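*Asks:* Listed here are the chains, written in short residue letters.
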Amino acid sequence: MATISMDPCVSCAQHRTDSLVRLGLSPDKWDYLVALAGNPNTGKSTVFNALTGLRQHTGNWPGKTVVRAEGAFEHEGNRVKIVDLPGTYSLQAGSTDEEVARDFVLFGRPDVTVVVVDATRLERNLNLLLQVLEITDRVVVFLNLIDEARRHGIAIDVSKLEKELGVPVVPGVARESTGINGLLDAVHDVATGKRTTEPYRFDRYVPAVEDAIQALVPTVKEVFPDVANPRWVALRLLNADEAVQEAVRSGELGQLGRDDSHELRDPPLEFERERLLDASVRLRWDLPADFHDIVTEHAFGVAEAMSRRVQMSGLKKKGFDFDRKLDDLLTSRVFGFPLMMFILAVVFWLTIEGANVPSSMLANLLIDTAHPWLKGLADAISVPWWLSGFLLDGVYLATAWVISVMLPPMAIFFPLFTLLEDFGYLPRVAFNLDSMFQKAGAHGKQALTMCMGFGCNAAGVVATRVIDSPRERLIAIITNNFSLCNGRWPTQILIATIFVGALAPAQLGGLVSAAAVVAIALLGIVMMFLASWVLSRTVLRGEATSFSLELPPYRPPRVLQTLYTSIIDRTLIVLWRAVIFAIPAGAVIWLISNITVGGASLAQIAVDGLDPFGLLLGLNGVILLAYVVAIPANEIVIPTVLMLTVLTAGLAGGSGAGVMFELDSVNATGDVLRAGGWTLLTAVNLMLFSLLHNPCSTTIYTIYKETRSAKWTTVATLMPVAMGVTVCFLVAQVWRLVAS
Amino acid sequence: MDTTALQTQPEVSADSALAGLRLGDIPLRQTVELTHIDLPPHEAEPLLERGVLPGCRICPVRSSPSGDPIVSIDGSLLALRRETAQCLCVRLLTALKG
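Chains S and U are the protein sequences, given in the same order.
Under my numbering, read the first sequence as residues 1 to 740, first letter to last.
Under my numbering, read the second sequence as residues 741 to 838, first letter to last.
It is worth saying that the hints were derived from the structure and are not from the lab.
What you are looking at is a predicted structure, and each value in this text was computed from that prediction instead of being measured.
Check before you lean on any hint, since a few could be wrong.
[Stated by the list, open to error] Covered, in the sense of this in silico footprint (three residues per stretch, anywhere, with C-beta under 8 angstroms from a C-beta of chain S), are these stretches of chain U:
{"hint": "1", "region": "798–806"}
{"hint": "2", "region": "812–822"}
{"hint": "3", "region": "830–836"}
[Claimed, not checked] Partial list, derived from the structure: chain S residues whose beta carbon lies under 7 angstroms from chain U:
{"hint": "4", "residue": "Arg124"}
{"hint": "5", "residue": "Asn127"}
{"hint": "6", "residue": "His152"}
{"hint": "7", "residue": "Leu283"}
{"hint": "8", "residue": "Trp285"}
{"hint": "9", "residue": "Phe300"}
{"hint": "10", "residue": "Asn432"}
[Said to hold, decoys possible] Stretch by stretch, here's where chain U covers chain S in the computed footprint (C-beta under 8 angstroms, at least three residues):
{"hint": "11", "region": "84–96"}
{"hint": "12", "region": "291–298"}
Even glycine gets a Cβ: it sits at the ideal position worked out from N, Cα and C.
Chain S extracted, bound-state conformation (with noise of 0.2 angstroms):
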């Protein structure tokens, strides 16, 4: 911290910019930008839809951490930017989704912030929209599903509702784009400052509190003048909230209130921000005992006696027979497991069957015709064969596998999954499966991020967010390896048909070998479970947390959005991240092969030092250095095994040392293995290896950017690998003590 004054910085222009970057904006231009708060289940994301269009949707899911999803928008001359926070049911940064939206309304400043507001479920929605309206003045509130409320009997007071909130409200239907036009006419009049707003700010708490927050507000004022709300600082203050005390030591508070004018006031001295912070810690001791228990009450009698005097209910209902229906049926006792297990089967069987075709076409444009195009060209202008090899061979090859196997899956996966979650589904799925994870120690949530996992880790990390407690969203993350990812399944595939199915009688070998492969994922959730039973029972240990889901209405899935948002936000950003970790790993695997030692090379060297211990554990040298380079993408572990296998088995074929390459035939590739000394003991354990081996380097950034801890990151890589070890050790000593 600065001894003399503040960082002078803090007052001016760019950190504002600078603050929304940490924010994770990104930092183009705007004329004005606006925040979309809102409770879960609101709709939201219709909103934000609805708002941009798709013509503008950026998302940045899951790479930044902490905004969800940005887009921009012209509207009468003006470019607006909008940003989708997540949604909460508070802003008491309780859980990451909280501090996050908190954060952004907080510090990010935006110029009018929409609250999303569900019009049939108004009491306990105005709890957030309170206390967005304590933290700054620029609110415009979306009363959204006005035709839902009206199904239900409900009818709201508009004027009456904006007289009591002191902020323009806006009724519509966000799905059927009704009353956007509205919403934008209202965010362009705040956003100006054609029209200025009163929002309604909590008072009158009981004496004892009051004279607390009366005797520290005008410290509050004196030392920043500018802010919003004074009371609500001098509030969180009492309270210790540890995000405004550290805005009030570092000077930031002072800019929260102001216009983004570029004028530079200075800020307040050090010792004026300390004596704040001084008086706040002073006035706790006189604090009544339950003192945030009676803020928290007075906030819902609040919000309770609003609604109760803007709304009119109890008018003509019309029951929910479909949902009662539809849930008697998902969530029976007989049939929810079933149901369940048949939904999830569909899911990948599309996925799997469906990304065979664009992934060999990809295959052959990019490596079978692109490749040997280049090579030729690279020849043809004569770059040196080092050169040639080093960027096509090695660095090509590598981004082109890891785009052709992992894209189509992903492209498939994701948008299913999203349309799932979109209708209402898999809230139920995380209630069906609740009490087992309650009984490992975990949260019911894990579900869906273990669910997720199985198209990709770093999603299934990143989804981890929904999990309010800490210990919980922990476990979730370090287990979310055991889900077997898309990168994997073709691995799995692969190795079965070769070696498993071939065991059986030639009719039969698909079967088996599909039985093979879901064997292996249905061991991965038994890990899953049991790794999150002893990692609650040791390092993590703890009760698992009261559960509370809201199980939303059905509603109809928007499948066209819903495609181009999950593969604009989910796919392309996971398969960016990948390419871009797959680069080192293509230049490493060619340098491994071509560069040599004494006459051997790298790659000879490392594969003749790793073979004991593989053979130790039922594998050889070649899987174990495939899975050290191929660390940041389980897609090349195949065409990388091949190739050293060829390179060092001293076996005819190939494409040459440090080229990757596949067979067309899975004979032949079986052929290649065999040659290379596999036996089934080395397939089975590689398919073990590949379930039970650290996740991918995508995966530990995501786990490091979501943890912000080397500790956790490390246990989240090393665990699995010890797990994998361990297993095929055991397989290895058995499977050889049984054959002799």
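Got chain S sorted already, so can you dock chain U onto it with the hints?
*Replies:* Leaving out everything else, chain U in the frame of chain S:
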């Protein structure tokens, strides 16, 4: 709190066994009123935020394959754990079904 609430409702039997009535004891499709949440503040707060407020009407509508309840509250469905339902003190609005 429960007993006083019951005394003001003479039409419901003031049986002392009913004073400690918890949501977990209520049969499906019987609407009751929530009187008190018997949980520490940090665990009660997520419930409050999801609309489980003292004074609200709450009705168990189904239970999961493993026996956890789904309740209908304020027009929406909320999944709870049995342990959580056991911490929600309720009072009857009509005589106990079954």
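*Asks:* All hints, please: hold or fail.
*Replies:* Here's how the hints hold up against the structure:
{"no.": "1", "hint": "798–806", "result": "holds (count 6)"}
{"no.": "2", "hint": "812–822", "result": "holds (count 8)"}
{"no.": "3", "hint": "830–836", "result": "violated (count 0)"}
{"no.": "4", "hint": "Arg124", "result": "holds (4 angstroms)"}
{"no.": "5", "hint": "Asn127", "result": "holds (6 angstroms)"}
{"no.": "6", "hint": "His152", "result": "holds (6 angstroms)"}
{"no.": "7", "hint": "Leu283", "result": "violated (21 angstroms)"}
{"no.": "8", "hint": "Trp285", "result": "violated (20 angstroms)"}
{"no.": "9", "hint": "Phe300", "result": "holds (6 angstroms)"}
{"no.": "10", "hint": "Asn432", "result": "holds (6 angstroms)"}
{"no.": "11", "hint": "84–96", "result": "holds (count 4)"}
{"no.": "12", "hint": "291–298", "result": "holds (count 3)"}
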